[in-house]
Amino acid sequence: MKQPQVRDPLGPLDTITRMFAGLLLTLLVFGVAFTIIGDDVSVMDIGSDEVCVTTNRVSGGEPVGVDKLERQGLGIRKHVSVVSSGTLMCDQEPGTKAHTFSVLTALPTYVVFLGFLLLTRRTIRHARQHGLFSVALAERIERLGWLLLFGLFGAALIEWLAEGQLLSAMLRDSGWSSGSFSVSVPGIIGAYGLVSIGRIMSHAAALQADSDATI
Amino acid sequence: MSDHRIRITLDEMLESRGMTLTELSAAVDISLVNLSILKTGKAKAIRFSTLTRICEVLDCQPGDLLAYDDNR
Numbered sequence: 001m002k003q004p005q006v007r008d009p010l011g012p013l014d015t016i017t018r019m020f021a022g023l024l025l026t027l028l029v030f031g032v033a034f035t036i037i038g039d040d041v042s043v044m045d046i047g048s049d050e051v052c053v054t055t056n057r058v059s060g061g062e063p064v065g066v067d068k069l070e071r072q073g074l075g076i077r078k079h080v081s082v083v084s085s086g087t088l089m090c091d092q093e094p095g096t097k098a099h100t101f102s103v104l105t106a107l108p109t110y111v112v113f114l115g116f117l118l119l120t121r122r123t124i125r126h127a128r129q130h131g132l133f134s135v136a137l138a139e140r141i142e143r144l145g146w147l148l149l150f151g152l153f154g155a156a157l158i159e160w161l162a163e164g165q166l167l168s169a170m171l172r173d174s175g176w177s178s179g180s181f182s183v184s185v186p187g188i189i190g191a192y193g194l195v196s197i198g199r200i201m202s203h204a205a206a207l208q209a210d211s212d213a214t215i
Numbered sequence: 001m002s003d004h005r006i007r008i009t010l011d012e013m014l015e016s017r018g019m020t021l022t023e024l025s026a027a028v029d030i031s032l033v034n035l036s037i038l039k040t041g042k043a044k045a046i047r048f049s050t051l052t053r054i055c056e057v058l059d060c061q062p063g064d065l066l067a068y069d070d071n072r
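One line per chain: the protein sequences are P and W, in this order.
Under full-length UniProt numbering, the residues of the first sequence are numbered 1 to 215, in order.
Under full-length UniProt numbering, the residues of the second sequence are numbered 1 to 72, in order.
Errors might be hidden in some of the hints.
The calculated label-pair distances, taken between Cβ atoms and stated as ranges, are [to be verified]:
id, chain 1, residue 1, chain 2, residue 2, range
1, P, Leu-132, W, Ile-6, 27 to 33 Å
2, W, Ile-6, P, Met-19, 50 to 56 Å
3, P, Arg-7, W, Gln-61, 42 to 48 Å
4, P, Ala-204, W, Thr-20, 34 to 40 Å
5, W, Thr-22, P, His-126, 33 to 39 Å
6, W, Gln-61, P, Leu-10, 55 to 61 Å
7, W, Ala-26, P, Leu-118, 46 to 52 Å
8, P, Gly-131, W, Asn-34, 15 to 21 Å
9, P, Leu-132, W, Thr-52, 29 to 35 Å
10, W, Cys-60, P, Leu-118, 54 to 60 Å
11, W, Thr-22, P, Gln-208, 25 to 31 Å
Simulated from the structure, these hints should not be mistaken for lab results.
Predicted, not measured: the structure shown is a model, and the values here were computed from it.
For each residue, glycine too, the CB sits at the ideal point set by N, CA and C.
I would like the entire structure built from these sequences, with the hints used as guidance.
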């Protein structure tokens, strides 16, 4: 008689996570490699000839003229105001310091997501090896949530400081310039969800252990 | 370490009735592994249905299978 096939519920999830993490890693490795070899390729401003930063500072100029130009170009109706979302400033001759700050305005979030994916894969493998209902797995999930939460805030802080430093380096009155502080809201919600699920699971795992030890 | 002082006296009951754990397992339709867990005191709880089946086969009361061990 043919034995029924036992389906691994976490198998597809493990494969997708591995593929996604592998893709991000490959992009990073190939990007850096092409940056070193090629001339016009840059990844997260590594190897770029210029470094750019967007600022919300208004440069003076002629707002009426700019407004007119944008109205004509975009075909905007009367009574609709045009607000420029930011000004892109690019340093054509950046030094190592400017390059480093430029990389730091994008790299931390990327590293957090890559690290999160790798840790997720470790958690899935732990679940496949040691079972779905265990306090250890619940603690891992909760830790994953905290890591994502603090990682995203930490990355946003580093990027904010780096952007500020980059702006300061580009402006004549090089006092303290504030960059834009932006944290991924879906990421924070996801992290909070993971922490909650981890906590719920740790209680459920204890109940399951009691149930398992009941004869 | 166990957080209770309840001892399962299944060993004594089986001995007094000249029965083996394997025979009891077949008679009550509970796996030998589970009965071994019960016998060695590794079980955390016992279902009323399990107690009923064991008592039916061994012709005893639930109290005959459980003892409070003060010396642990």
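### Query
Which hint numbers doesn't this structure obey?
The structure breaks only hint 6.
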